[in-house]
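Could you build all of it, start to finish, from the sequences and the hints given here?
In terms of my numbering, the sequence shown opens at residue 5 and continues consecutively.
Honestly, the hints are just simulated from the structure, not real lab data. Be aware that a few hints might be false.
[Said to hold, decoys possible] Here are the simulated lysine-lysine pairs, PhoX-like style, with alpha carbons at most 20 Å apart:
| id | residue 1 | residue 2 |
| --- | --- | --- |
| 1 | 110 | 48 |
| 2 | 110 | 164 |
| 3 | 146 | 48 |
| 4 | 133 | 44 |
| 5 | 146 | 164 |
| 6 | 110 | 44 |
| 7 | 44 | 146 |
[Said to hold, decoys possible] If you anchor each label on the Cβ, the simulated ranges turn out as follows:
| id | residue 1 | residue 2 | range |
| --- | --- | --- | --- |
| 8 | 149 | 312 | 19 to 27 Å |
| 9 | 20 | 40 | 27 to 35 Å |
| 10 | 255 | 281 | 56 to 64 Å |
| 11 | 73 | 18 | 40 to 48 Å |
| 12 | 74 | 42 | 53 to 61 Å |
Positions of the beta carbon are idealized from the N, C-alpha and C atoms, including for glycine.
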Amino acid sequence: MKSLNIQKTKGSVKEKIKKRYHSWLGEWLDRRSPASKSIKLTQKRIYIIPSKMGFLFLALTALMFVNGVNYQNNLIFSFSVLLMSIFITSIVVTFQNMAGLVITAKHGDPVFSGNTTMLHLVMEHSAKKIKDGLMLGFNREKAAVLTPIESRLATQLEFKAQARGRLAVPRLSIFSVYPVGLFTCWTWIKLDFEGVVYPSPVFTPYQYVGQTEAGIEAAQQVINRGVDDFRGFRVYQNGDSLKHVAWRQYAKTNQLLTKEFEQPQAQGHWLDWHALPGYKIEHRLQILCGWVVRSHEENREYGLSLPGLSIPSGRGDAHQQACLTALALHGVDAHINAAVS
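As structure tokens, then:
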């Protein structure tokens with residue numbers, strides 16, 4: 005029991021030290037390299053150290069140099085000097101391969117909380133030499149290898165969005181071991197991507213302000229009831245459902261015709277924040293998000309009412325995006341009215 009307690013104590017101490025270190029490192033990086041829409045890699049932002057192979061290369065070169073001097077062997081001595089010159093030259097080449105690169109954040113695709121979005125960014129430079137061997141990612145284990153950059157490269161990066169609101173992306177790492185792997189050159193950058201993370205939708209029956217359970221059930225029956233009215237015939241086209249083919253007419257006229265139906269237009273309704281009393285804020289937003297998605301799929305006219313914000317009834321992709329954006333930025337952006345209108 006004592007050994008278990010000691011192990012738990014050691015583990016908790018290590019976790020505290022690790023958290024404090026990451027907190028200190030994040031604050032230091034924020035001061036040295038603040039977030040920006042576009043970042044140019046200069047000497048201030050680039051870090052370089054020998055890789056494992058580089059340390060081994062340096063140790064072997066030093067050993068050869070000592071042996072060459074000790075045994076007065078000019079061939080070994082000259083070869084060790086040549087290797088050292090390669091080592092030093094690699095520092096400059098590795099640094100120049102990343103220096104001058106400009107990374108610009110474009111946008112992130114709209115996404116529901118908990119799903120993966122695509123981050124769009126552009127990397128460009130004005131140097132005559134191609135930037136090669138660069139890798140991009142949030143960590144080195146899952147980094148993506150970039151194609152050689154001649155002058156400009158538009159690329160994408162996957163990111164799993166967690167919290168609703170404006171898209172917040174952690175620091176990205178760009179690193180390289182070009183050209184021979186003796187040095188690791190890297191940088192940490194924080195980019196401001198344009199994008200919105202919608203609440204995760206929760207699908208429940210529609211509810212309305214002041215409505216009883218019986219009223220909710222009756223309204224739901226109206227919503228779910230769909231009667232298709234027969235409108236007429238038209239000539240059969242490839243891809244038409246065989247269920248709608250007028251087989252009786254085909255038997256009489258020997259011509260394939262397709263039945264056309266006219267579905268009554270779905271009635272509009274109002275999605276109101278106050279129709280969900282007793283729910284927590286995030287749960288309300290998730291339910292309203294589910295109602296918006298469902299109303300859009302049903303091609304219904306719908307409006308959205310939130311505290312301090314009202315979006316008139318409408319339909320279509322633009323209307324859905326406006327409603328989802330309002331839900332995503334509720335309590336986050338004080339100027340949502342201007343953004344939606």
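Going through the numbered hints above, which ones does this structure break? Give me the numbers in ascending order.
1, 3, 7 and 8
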